[in-house]
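One line per chain: the protein sequences are A and B, in this order.
Counting from 1, one number per residue, gives the positions in the first sequence under the working numbering.
Counting from 1, one number per residue, gives the positions in the second sequence under the working numbering.
Just so you know, not all the hints are guaranteed correct.
As the list claims (entries may be wrong) - Lysine-lysine pairs mimicking DSS-like chemistry, simulated, CA-CA at most 30 Å apart:
no. : chain 1 : residue 1 : chain 2 : residue 2
1   : B       : 208       : B       : 78
2   : A       : 116       : B       : 336
3   : B       : 179       : A       : 132
4   : A       : 70        : B       : 208
5   : B       : 179       : B       : 197
6   : B       : 261       : B       : 336
7   : A       : 61        : B       : 421
8   : A       : 17        : A       : 34
9   : A       : 17        : B       : 421
10  : A       : 61        : A       : 132
11  : A       : 116       : B       : 16
12  : B       : 102       : B       : 237
13  : A       : 126       : B       : 336
14  : B       : 336       : B       : 78
15  : B       : 421       : A       : 19
16  : B       : 16        : A       : 126
17  : B       : 4         : B       : 421
18  : A       : 124       : B       : 4
19  : B       : 207       : B       : 84
20  : B       : 179       : B       : 261
21  : B       : 4         : A       : 116
22  : A       : 124       : B       : 18
23  : B       : 207       : B       : 197
24  : B       : 421       : A       : 116
25  : B       : 18        : A       : 116
26  : B       : 207       : B       : 179
27  : A       : 132       : A       : 116
28  : A       : 126       : B       : 4
29  : A       : 61        : B       : 115
30  : B       : 237       : B       : 115
31  : A       : 17        : A       : 70
Treat the hints as calculated values from the structure; they're not laboratory data.
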Amino acid sequence: MLITVQDINHSFLIGRKGKESNVPVLKNISFSVKQGEIVSIVGRSGSGKSTLLHILAGFLKPDSGEIVVKDTVTSVFNEQQSAQFRLENYGFIFQNFQLMPGLTAFENVELPLKLKGMNRHQRKDKVQQLMKHVGLQSVQDHYPNELSGGQQQRVSIARALITDPPIIFADEPTGSLDSETEQEVLELIQTLNDTRDITFVIITHDDEVAQRADRMYRMHDGILTEEGVPNAV
Amino acid sequence: MQFKDQIDFIRQHIKKNKLRVFMTVLAATMGTAFLIVLASVGFGIHDTMRSLMLENRLVTQIEVYSDDLGAEEAEEMKGIDHVKAVVMHQGANAMQQASLGKYTTHGNLLVTDFKEEAKVGFALAEGRLPESTYEVVVGNGFAESLIDESAAEKLAEALPEGSEEEPEIPSYKGELIGKTFTYQLGDYGTGELYDDKTELTIVGVAKKPSKDWLVDNKIYADAALIPELEKIYKQDKKEEVTDPLFSSMLYVYADVLENVKSVTSELKDQGYNVYSISEELDQIDVFFLALKAGLVFVGTIAILISSIGIFNTMTMAVTERTREIGVMKAIGAQPKLIQRLFLMESAWIGVVGTVLAIIISYAVSLVSNWLLPIIVGAAIGEEDFAELNVTFSVIPWQLVVIASAISLTVAIVSGWRPARKATRIDVIDALRREL
Ligand SMILES: Nc1ncnc2c1ncn2[C@@H]1O[C@H](COP(=O)(O)OP(=O)(O)OP(=O)(O)O)[C@@H](O)[C@H]1O
Ligand SMILES: [Mg+2]
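Please take these sequences and the hints and turn them into a complete structure.
If you want it as structure tokens, here you go:
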């Protein structure tokens, strides 16, 4: 197993100081993801999907439970270890792209390599190659606000891919796109999964999107259950 | 992240906020320049005071007072470290007169040690050193001090009443070497000279003293003359003689000014009463040290005020970039790196501000040293004020170092909290923000 999640519980404290109440958001979540799979997590707004992803990514610590990724227990990491692990193993795709407004498409894709300390020469080749691969060559010098939503999402996918991570987490990757662009992006994800053997964990509220995954989980009020998908292998 | 990329990153941010960063740098520059220029006045006046003090003085000379100073003590002092020479001067405590023909002077006889004197710059302009008891060397101003009194009186009488004109004093113009003059002791109380005369022969003339304004009209003699004069003194003096005719004074010379202090304190430890320039310099130095510290303190306040600007700018930068910082952290940037990037940015502001401040300060210092003497001179109506060599502002490298250290420290410290704030940004919160 690439990712194993065991009995994750999480609750948020809400309300004013002194009168807080504890709201459980994730309840005994257990699931696993195999190497090379596309797994989707679908659920209604507020069901706790994003919270689960944040815990997987290490942005948030679960109240209890254990996460094992690549035989490493990541749920006990401190901030530094968590950041390092993300840099080496995860790519992220967000609903609103989260590109750096001050950087060009090319520079946005280059950023994770900079963080890794790769030198300028190697970076340039690698980014150029990938930009070509995802069809962004013509817009590589554009700033994010000069790009369409679909192009922006491609840039953010390229940024997630550039470090060749084994796992990419995507939170509503098609949430801000029209249905045609959505198809393009989903196809791109499919291709990358096929050609590069990258494991995807996709979070969505859209059953249609979710059903294109290899396996699909449904989140309902903090409880996760697996469901069958039509194109299951 | 490679250092080069970090620099790139910072440059990009600065470029994006040019005006804001410029204003912050300007404030930092003004604060630091204010400190340097302010303190430079302390350094300038200190330097001026020191040079005024040292100008008219044999700076390495230490005067030693004590009741019974003799050759033995002098010998001992020569053994102290950094002592170049010890000269014993013995002078007569009585009225004295030297006369050469119709010319007279109240020349002072000075018994000295020519060998030691030579070590501290005493040299002859002509002639030779005394070889026998009655041979003497005279100062280069001796001839000029020999005046024909009666001729001078006549000249003065000849002048019309109330005339401003000063008559040329009829002084001795002839050759000195080989001449023999009459030396007489006298009584200060009655103003009368004793009868016994001593004939002294001039064998040499001392070189002009190094300071222009010194007039050397002394008669330098060897110690052998002392007993002869003592004899005359005892015979001729009416009252009971208690004090000896000659009293002595020791001058110890250090090799360089820097060592005057150590020699002075060594002599003090040995129980002598001592006076040297180091005493006065010490007082001045202490005073100016306090003054400079005060000025630096006031200047530091200006820098602190400018640091508010840095704090503000950096806090704004962090707030503005919260989402970007969140994305960086999500991608895997270490909190340490985020902190470093922001600290580097505030340090950059500090460095640029300091460099500009140093350049500006030197310029201001240069201009004020050129302009202020002219203005002050004109204001007090003294044209040669400028020639007094008053330095208003001096910026030694120590001041530059101190100011830079203060300015950079303040810049980094004021960038510290914003940088810490940046590292604490919550990824989830940041990602939730709209663009
Ligand atoms: N920081 C927080 N403090 C308190 N409650 C929170 C916090 N973050 C999330 N929640 C709550 O946890 C629940 C799950 O939120 P989450 O963002 O995981 O939902 P979601 O499934 O991603 O919804 P959506 O599809 O709208 O993105 C929500 O009820 C939300 O109000
Ligand atoms: Mg969500």
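Holds or violated: residue 237 (chain B) to residue 115 (chain B), with C-alpha atoms at most 30 Å apart:
Given pair residue 237 (chain B), residue 115 (chain B) is violated - Cα atoms ~33 Å apart, limit 30 Å.
30 Å limit on alpha-carbon distance, applied to hinted pair residue 116 (chain A) and residue 336 (chain B):
holds (14 Å)
Please verify whether residue 61 (chain A) and residue 132 (chain A) have alpha carbons no more than 30 Å apart.
This hinted pair is violated, its Cα atoms lying about 38 Å apart.
Quick one, are residue 421 (chain B) and residue 19 (chain A) close enough, alpha carbons at most 30 Å?
The hint holds at about 27 Å.
For the pair we were handed, residue 116 (chain A) and residue 16 (chain B), check the Cα-Cα distance against 30 Å.
Roughly 25 Å between the alpha carbons, so the hint for residue 116 (chain A) and residue 16 (chain B) holds.
Given the hinted pair residue 102 (chain B) and residue 237 (chain B), is their alpha-carbon gap at most 30 Å?
With a Cα-Cα distance of about 26 Å, the restraint between residue 102 (chain B) and residue 237 (chain B) holds, given a limit of 30 Å.
Is it true that the CA of residue 126 (chain A) sits at most 30 Å from the CA of residue 336 (chain B)?
Since the Cα atoms of residue 126 (chain A) and residue 336 (chain B) sit roughly 27 Å apart, the hinted pair holds (cutoff 30 Å).
Could you grab the alpha-carbon distance between residue 207 (chain B) and residue 84 (chain B) and see if it respects the 30 Å cut-off?
Cα-Cα ~20 Å, so holds.
30 Å limit on alpha-carbon distance, applied to hinted pair residue 124 (chain A) and residue 4 (chain B)
holds (15 Å)
Are the Cα atoms of residue 61 (chain A) and residue 115 (chain B) separated by 30 Å or less?
violated (92 Å)
Regarding the pair residue 16 (chain B) and residue 126 (chain A), is the alpha-carbon distance no greater than 30 Å?
holds (27 Å)
Within a Cα-Cα threshold of 30 Å, do residue 61 (chain A) and residue 421 (chain B) meet the stated pairing?
Satisfied, since the Cα-Cα distance of roughly 20 Å is no more than 30 Å.
Going down the numbered hints, you'll see the structure goes against 3, 4, 6, 8, 10, 14, 20, 29, 30, 31, while the others check out.
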